[in-house]
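Novice: Each chain, written out:
Protein chains: 6
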Amino acid sequence: MRILVVNVNTTESMTGAIGRQAAAVAAPGTDIVPLTPDFGAESVEGNYESHLAAVAVMEAVRAFPEPFDAVIQAGYGEHGREGLQELLDVPVVDITEAAASTAQFLGRRYSVVTTLERAVPLIEDRLTLAGLAARCASVRATGRGVLDLERDPAAAIEAIVACCEDVVARDRAEVVCLGCAGMADLQARVVARVGVPVVDGVAAAVTVAESLVRLGLRTSKAGAFAPPRPKHFKNWPPGRPASSS
Amino acid sequence: MRILVVNVNTTESMTGAIGRQAAAVAAPGTDIVPLTPDFGAESVEGNYESHLAAVAVMEAVRAFPEPFDAVIQAGYGEHGREGLQELLDVPVVDITEAAASTAQFLGRRYSVVTTLERAVPLIEDRLTLAGLAARCASVRATGRGVLDLERDPAAAIEAIVACCEDVVARDRAEVVCLGCAGMADLQARVVARVGVPVVDGVAAAVTVAESLVRLGLRTSKAGAFAPPRPKHFKNWPPGRPASSS
Amino acid sequence: MRILVVNVNTTESMTGAIGRQAAAVAAPGTDIVPLTPDFGAESVEGNYESHLAAVAVMEAVRAFPEPFDAVIQAGYGEHGREGLQELLDVPVVDITEAAASTAQFLGRRYSVVTTLERAVPLIEDRLTLAGLAARCASVRATGRGVLDLERDPAAAIEAIVACCEDVVARDRAEVVCLGCAGMADLQARVVARVGVPVVDGVAAAVTVAESLVRLGLRTSKAGAFAPPRPKHFKNWPPGRPASSS
Amino acid sequence: MRILVVNVNTTESMTGAIGRQAAAVAAPGTDIVPLTPDFGAESVEGNYESHLAAVAVMEAVRAFPEPFDAVIQAGYGEHGREGLQELLDVPVVDITEAAASTAQFLGRRYSVVTTLERAVPLIEDRLTLAGLAARCASVRATGRGVLDLERDPAAAIEAIVACCEDVVARDRAEVVCLGCAGMADLQARVVARVGVPVVDGVAAAVTVAESLVRLGLRTSKAGAFAPPRPKHFKNWPPGRPASSS
Amino acid sequence: MRILVVNVNTTESMTGAIGRQAAAVAAPGTDIVPLTPDFGAESVEGNYESHLAAVAVMEAVRAFPEPFDAVIQAGYGEHGREGLQELLDVPVVDITEAAASTAQFLGRRYSVVTTLERAVPLIEDRLTLAGLAARCASVRATGRGVLDLERDPAAAIEAIVACCEDVVARDRAEVVCLGCAGMADLQARVVARVGVPVVDGVAAAVTVAESLVRLGLRTSKAGAFAPPRPKHFKNWPPGRPASSS
Amino acid sequence: MRILVVNVNTTESMTGAIGRQAAAVAAPGTDIVPLTPDFGAESVEGNYESHLAAVAVMEAVRAFPEPFDAVIQAGYGEHGREGLQELLDVPVVDITEAAASTAQFLGRRYSVVTTLERAVPLIEDRLTLAGLAARCASVRATGRGVLDLERDPAAAIEAIVACCEDVVARDRAEVVCLGCAGMADLQARVVARVGVPVVDGVAAAVTVAESLVRLGLRTSKAGAFAPPRPKHFKNWPPGRPASSS
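Chains as they are written, first to last, in my numbering: chain A, 1 to 245; chain B, 1 to 245; chain C, 1 to 245; chain D, 1 to 245; chain E, 1 to 245; chain F, 1 to 245.
These are computed hints drawn from the structure, not numbers from a lab.
Check each hint, because a few of them may be wrong.
It does not matter which identical chain is meant; a pair holds if it fits inside one copy or across any two.
Mimicking EDC-like on lysine to aspartate or glutamate, the simulated pairs with C-alpha atoms at most 20 Å apart in a straight line are [what the hints assert, rightly or not]:
id, residue 1, residue 2
1, Lys-231, Asp-152
2, Lys-234, Asp-152
3, Lys-231, Asp-38
4, Lys-221, Asp-31
5, Lys-231, Glu-12
6, Lys-221, Asp-185
7, Lys-221, Asp-69
8, Lys-231, Glu-117
9, Lys-234, Glu-124
10, Lys-234, Glu-59
11, Lys-221, Asp-89
12, Lys-231, Asp-125
13, Lys-234, Glu-42
14, Lys-231, Asp-171
Here the structure is a predicted model, which is why all the values come from computation and not from measurement.
Assemble the whole structure, with the sequences as input and the hints as a guide.
Specialist: What follows is the structure in structure tokens.
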């Protein structure tokens, strides 16, 4: 099966890291296709950038020329999953939700350890809408931005480990989710130092997507994710004339 | 004071109707400026179109060349308000939330009467995130799309009135919010036939925005709506070269 | 339009301060009428006094001899708003709810900074019943009573500012509501020292009441606030013989 | 032990019925003292009357000249219990809460069957604040007012039985609470016809109050119910000069 | 009346202490019968032991050869109450729920002070399912196991008192529930040192059970607690051949 | 990898069906081992039987003589998962939770279609404790018992299909979970007739368990699921002398 793994920012090196993490856990026979959006921010840290990423991810998926079996939206706490579910019949998996669902099988309460404070509300809101907030002990920030993870991985790991210890001690977390797709590369080194299970969203999402495909399950079209109605779009997609989609 | 009232779709006649409704309730001295996005769908009915509208509204506001005191996002149940709040210091008012807040002053439970079934989940989610769901009795659809409101207002009014009666009788609603910016033109005729208060979101949002400006209140920058960090954008905004914003 | 602004305690100087704050933000053409109840406590700090205030406010409004367009109940966290809504067709605005509704347009989470610890449960309960608790980060007390605000404003301001800083730092509040009508006079000096928006309930309530009147909206009579049934009262109102009201 | 059972309305015959119901279940050695407020409505059906009843009940208890061990507020869904708890060290039991607590020991979900539609919001709000709403299946009205219960008991019983059957069938209620102190007299006849446990709030409250007294438990003074601060009251209580209480 | 009070563990001395506590508060004429299960753990501290206790308690009650009027399950936060309710028509009272219900009549928020950290999730879950969590301020552990209470009561009391003070100061608890049946013997000494009401679950459960019996109320058979269907059991109860029950 | 799939009842033919369903979806290299408990009810339909099943499943797993990588508890809405998690380091997956988690990736709201009315509360409670209730639209019963599924599959399918249509139409469900392990055999025929995704819990649990093993994730021992403390057990396990485990 083929799974598209779509980065939400335009930094190709991060797409590469996400793709490697996905491929590392994929089952034999799964073809992981990492995608980078054509437009948007080099890192997504806040609502403006996240709304833009939502659109860019949808356009990247729409433009993909070959068939595929599932899509993973590889941004933590970002907007847009619902839109992809309207556009597609195949399963769409958000890494925020895959991580939380996975964590819930491992312990009674989980926390998310993320990058900047400004990511916290976005993640909280996604978990609330996804119905996955009841067992969330906390969402806490390390204070290090998305691109800092690549620039100084050693410092990032120290900050993440300290935050993991904090959520276990203060918030009674029993499992930690790494709250940024860019942390995928660091997971192994964090796990080695933290005494509770650590879930990477990209890896979790790959197994969820594979599972849904193997079970023959597809996105329900009976309600929230019915296909868009045919209608006129003005100046969209960028660079094309007006069209009915 | 000047208030931008931004339509979420690209249908100019609807922008006109929204602008007229806003101007009709504006205080003396308030300058209502209706805006239509440069790109997007002719009507917003679902997540894909709503995410796109979120971006289009933000770009429309960013491109506006003169100062303004507040912004109204005139789409019911649409994404994007949080992004505008990051970009701006002036108050940003979503009509979904303005209508619900207003309704809560008038009765113990309110319902939203909207267009299509597919709008219901979007509105429910917005109300949940806005902390305005506890007193929402129901969100119900008339089954008539956004553009149907203009095409056949008489039929739309019949459907809206029937739905209003339904939410009062079945859901114990005491107040009804008209759940589409495009219903603004119809409000007077609906009010005349329904025995409970009927709130139009555009009108409500104008008074909220004016109130916030008069009170000297601005969007908090202390948490969720801190300004975006400076960073590189690729291929955005459309038609411009890459830039740091 | 004429708006009654009813103090909940019997301290005339506080009625004066509330009236001045209301008049300062009222639109041209709005006539603010401050009222003091005929009976009750010199300050309302707890349930016994609050229940009594509820009744006293209702009797003060019933006894007002001229027409009016809206009523503001100027007590923070006090009982009684629902009773007024039964008695009246015009809008009734509680400052607790006006402040919270206003705060929600400015940030994702708000806190209330109030007087004594004993006020905290009352405010929490009002916000819960009003459906405005979901985004409330905390209700915290300065430890200074209602009448202390007049007696030593400088000390009150220090205590309020310290408490505001506390809720921003510890509770992630992005907006602060001043949780006592008696704080209206102090607002300007608090705002100058706190880095987040500060909402005064009296001022907020004036703009809400004006907005509802301008929009032609009145209290719904379809459910919770239907007019009282005609019936016999014994020894009430005080000083009058039994009567059917 | 002596337990005051305070009617919330001024109809003496209803006080009598409540007192008989209480005495019928009281343990040997318990002295039931029924009280009628000195002022207020002949029946309490709505917020205005309920706020007034809250004050009248408190004054009736304050004026009682002898010692007592507990107080029962015998109004369903009425305001005021918190005020009594401030004024007293002995236990205060609201029949709404006693009925719900009792019902929860008997089945997984309970409903309340009450008088008029207008009582429903009051009862719902009391249960919410009391933390007893999670297992409440519904609060439904028979459409018969408080005084109708005395005037035509046979018709009242038919309406109550029909409503009980309705909540069992439609709302999956497993237990029913009779939602009006005035239904106490009718309980035996309702029980005989309904296939689920039926709880009368007055009877339940007597056993709760006796239990608390026997266990030596008193109202906590550590938070919400700390005694009122000494202060000046104007024109209160009625007929007395101003005093510091 | 006869009330069975069933210990959840197999330590006879603890059954004795529980029985004494129950008898001390029982009304004249109440016959308290303490029971110890035939199988299970010497102390119940965790899910495995709690599930086993649930079964052992049910078998102990089923094997009791004489009639009885109510059953008390004297384990804090343990599984199994629902099963007993299926098997019996008489009232079944769990001490976790009796304590919480009682506490709610005494203050606005209560905390539970229990033994080990591992008991906290069990108690939280029981309170959630019982619909008694809304006013629970916290469940906190002293760090001392069930059997430590008997081994070193003086140290246990110190730890409990310290934890009580902590929940009052940090969690705003106004009432404390002693979260272990084995704490029954210590209650008097704790009460003497803590400034808020302290509720022992065993004592509370006795008064609840007596109350339900006196009111003639029995477990509802209309839903969750309908009697088990007749069916074949394999190798159960232990030591007996297969049978249809 | 080896996964134990444990039936909760003692009907071997049902264990067989569950095992076949599990094997049908298992990945190459996964060894599915179906287990039947040594004691308990022929079908589990209620709390008494479910508590017993919890213990029987735990003993069956403890008695399994060889290593294994994960355990699936194949009972819908049954007790006991938490106990297994204490006893084991490997992942434990309850089919109730696996089905709900899977459903949440496919639609905004899911319903559970189960056997008898008496199963509904058990399933609701499991979903609540698992933090998976927020998006549950309803749990509804077909009225056909567990063993009826084997006895008359055609009638069972008709009843299930009708119930599926009902939850889509009335409860706005977008996905349906088959709420009984015994429905595994019927899934294919139900799917063919229902227009929304249909999730079988056994199949879902296999993919969840495989995913957790592949990701190297194990049950957290940091909180709720810490290993039981060593202690003395009386008369347990059945047929063995007392022992310290």
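Novice: Each hint needs a verdict: does it hold in this structure or not?
Specialist: Here is how each hint holds up against the structure:
1. Taking the closest pair of Cα atoms, Lys-231 and Asp-152 come within 20 Å of each other only across two copies (18 Å); inside a single copy the shortest separation is 47 Å, beyond that limit.
2. Taking the shortest Cα distances, Lys-234 and Asp-152 never come within 20 Å of each other, neither inside one copy (43 Å) nor across copies (24 Å).
3. Taking the shortest Cα distances, Lys-231 and Asp-38 sit within 20 Å of each other only across copies (16 Å), while inside one copy they are farther apart (24 Å).
4. In this assembly of identical chains, the alpha carbons of Lys-221 and Asp-31 never lie at most 20 Å apart, being 26 Å within a copy and 35 Å across copies at closest.
5. Taking CA atoms no more than 20 Å apart as the test, Lys-231 paired with Glu-12 passes between copies only; the shortest distance there is 15 Å, against 34 Å inside one copy.
6. For the identical chains of this complex, Lys-221 and Asp-185 are neighbours neither inside a copy (35 Å) nor across copies (25 Å), given an alpha-carbon limit of 20 Å.
7. For the homomeric pair Lys-221 and Asp-69, the shortest alpha-carbon distance inside one copy (16 Å) is at most 20 Å, but the shortest distance between copies (36 Å) is not.
8. Taking the shortest alpha-carbon separations for Lys-231 and Glu-117, only the inter-copy value of 17 Å comes in at or below 20 Å, while the best intra-copy value is 39 Å.
9. Taking the shortest alpha-carbon separations for Lys-234 and Glu-124, neither the intra-copy value of 34 Å nor the inter-copy value of 28 Å comes in at or below 20 Å.
10. Taking the shortest alpha-carbon separations for Lys-234 and Glu-59, both the intra-copy value of 15 Å and the inter-copy value of 14 Å come in at or below 20 Å.
11. Taking identical chains as interchangeable, the C-alpha atoms of Lys-221 and Asp-89 lie at most 20 Å apart only when both belong to the same chain, with a minimum of 8 Å there against 39 Å between chains.
12. Within a single copy, Lys-231 and Asp-125 get their C-alpha atoms no closer than 30 Å, and across copies no closer than 24 Å, so neither meets the 20 Å cut-off.
13. Only between protomers do Lys-234 and Glu-42 lie at most 20 Å apart by alpha-carbon distance; the minimum there is 7 Å, versus 26 Å within a single protomer.
14. In the homo-oligomer, the alpha carbons of Lys-231 and Asp-171 never lie at most 20 Å apart, since the shortest distance is 48 Å inside one protomer and 29 Å across protomers.
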